[in-house]
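*Asks:* From first to last, the protein sequence lines are chains U and V.
If you read the first sequence in this note's numbering, its first letter stands for residue 116, the second for the next number, and so on.
If you read the second sequence in this note's numbering, its first letter stands for residue 6, the second for the next number, and so on.
Check each hint, because a few of them may be wrong.
Each computed DSS-like pair below joins lysine-lysine, with the alpha-carbon atoms no more than 30 Å apart [what the hints assert, rightly or not]:
(1) V/Lys145 <-> V/Lys178
(2) U/Lys261 <-> U/Lys273
(3) U/Lys273 <-> U/Lys349
(4) V/Lys58 <-> U/Lys196
(5) U/Lys196 <-> V/Lys178
(6) V/Lys123 <-> U/Lys196
(7) V/Lys178 <-> U/Lys349
Keep in mind that the hints were calculated from the coordinates and are not lab data.
Note that the structure is predicted; figures quoted are calculated from it, not measured.
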Amino acid sequence: MHKIPASEITPEQLYLSRRAFLGAAGALSAAALLAACGGGTAAPAATPLPTDGRTDELGAPLSSFEQITTYNNYYEFTTDKAGVARLAQQFQTSPWAVQVGGLVGKPRTFSLEELLALGQEERIYRLRCVEGWSMVIPWRGFPLHKLLAAVEPQAGAKYVRFETLFRPEAMPGQHDQLYPWPYVEGLRLDEAMHDLTLLATGLYGRDLTPQNGGPVRLVVPWKYGFKSIKAVVKIDLVAEAPTSLWMALAPGEYGFYANVNPEVAHPRWSQASERRIGELPRRPTLRFNGYADQVAALYAGMDLRANY
Amino acid sequence: MPAERRPAPTIRRLVALAVHLGSLLPLALLLFAGATGQLSVNPIQDLTLRTGKTALVLLLLSLACTPLNLLLGWKWALGLRKPLGLYSFLYICLHLLIFAGVDYGLDFGQIGQAITEKRYVLAGLASFLLLLPLALTSTKGAMRRLGRWWRRLHWLVYPAALLAVLHFLWLAKTAREPLIFGAVLLAVLAVRALRSLGAPARIANRSAQPPAQGSEKRHG
Ligand code: HEM
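All chains should be built: construct the whole structure from the sequences, respecting the hints.
*Replies:* Quick look at the structure:
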């Protein structure tokens, strides 16, 4: 379906130099444990893809395909960030359907092909995890407002509720009764309609890998990563703010908004700074993850400490 | 309890060897993983988590030696408290060095902010500060010089362990694993508390020095 031109697949110097840097960073950390230790090179875990020297709008280089596809949270598979990729390999992303309903004029189920027909643009976004690490990711997808426009939200619709697939046979982490599955997330309607809010179906010019939430996930770049719900099967327009899985589990720690905010500390992770994956010194975290110009107006007059 | 009161010296030496090798194994595995690129793309966090977890496991193992002696009469276990405790402290030092030196690059402004902002860092630091004098007074000489104060001082290991579990509880996303560690710690504390209530004289007599000598009533 979405073939990548062969020219784009050829390994690039740039990619290799980032790999070398990563190996060095790993060795350096290990060296912190013991003065002398041989720094080997990392074993390739994923097909090399070129970054073409691309950066986000602030000039930060893309995270490598390997970094993006070998390290992330996806509790439906495992709580081990480095273990998700292996467990998600067999996950069936096709056929797939997303049921869109609730307070809409034209409820409808979209097949993956119909979603892909809504658009295939590339968006390079920063992703900031609430745990204090971040990446720069070239997503492919379309703004969510295109989908919402197609189902015609009614006047009473104030929020959008998203739900992940619940299939414990395929997602072993869902056997864990500790979590109130399925994963649920929510946005205010104006947040959902914002042009930055993306339904992503691709990554690095390829179909979205299962470990990253394939075949279709939400990406809300100014919020902590857990808001960007993966493997979406249901989208409902609703009148009341939905309770997300994390809000249900730890209401004192996870609020509805979860906007990236260096001034509001999380009890566990530093929100003032972050580690960009592959870099050694920490970076200062930016208000709204660097998207304040585009989104701060959505929260004008709101107390962002109370609405964390 | 059918176990021998005093296992043959070879067995005791084998157990001690197993403790040394077992305590160093996590470090060896960590260095190997780092050198062969098997850590994740966020290696600093891997190092922090793995040294922290090892430290807590070794600390609880060290504390479990006394109940093993009290309940099962494994006197030889008492000699393992010190090496297990010191290995735990080694991992705590690595844990702290990685946190302050590698993760935060010795940026004391940010480190200070982390300590004041995050109760889990405060609990970890408090635990470390309680354990520090214990590690420094672990030598035979210090034991002799401190006399009966040595035992009183080393009682601090219990609040330190409680703080370490609290540190874990406050940093973990879900409470399950920290609560398991907490339950083990409470079990250890309960055995100690019950025994010292029930047999204060015996507890007071029990010498803290490793190769523990003398004959005691067998417990089962
Ligand atoms: C000296 C002060 C300490 C500091 C600054 C500190 C800091 C940290 C940090 C930053 C983390 C990782 C949190 C995360 O990434 O989510 C962590 C995890 C941990 N630390 Fe500490 N720590 C300290 C002392 C201790 C002590 C004394 C112990 C135990 C004896 C300990 C045991 C642990 C454990 C068990 C974990 C979690 C490992 C896991 O989740 O697998 N820490 N600590």
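*Asks:* Could you run down the list of hints and mark each one as holding or not?
*Replies:* Tested hints:
1. V/Lys145 <-> V/Lys178: The hint is violated at about 41 Å.
2. U/Lys261 <-> U/Lys273: Measuring from Cα to Cα gives roughly 17 Å; hence the hint holds.
3. U/Lys273 <-> U/Lys349: Roughly 17 Å between the alpha carbons, so the hint for U/Lys273 and U/Lys349 holds.
4. V/Lys58 <-> U/Lys196: Cα-Cα ~17 Å, so holds.
5. U/Lys196 <-> V/Lys178: Distance of about 13 Å is within 30 Å: holds.
6. V/Lys123 <-> U/Lys196: Roughly 23 Å between the alpha carbons, so the hint for V/Lys123 and U/Lys196 holds.
7. V/Lys178 <-> U/Lys349: 26 Å, holds
Hint 1 from the earlier list is the only one contradicted by this structure; the remaining hints agree with it.
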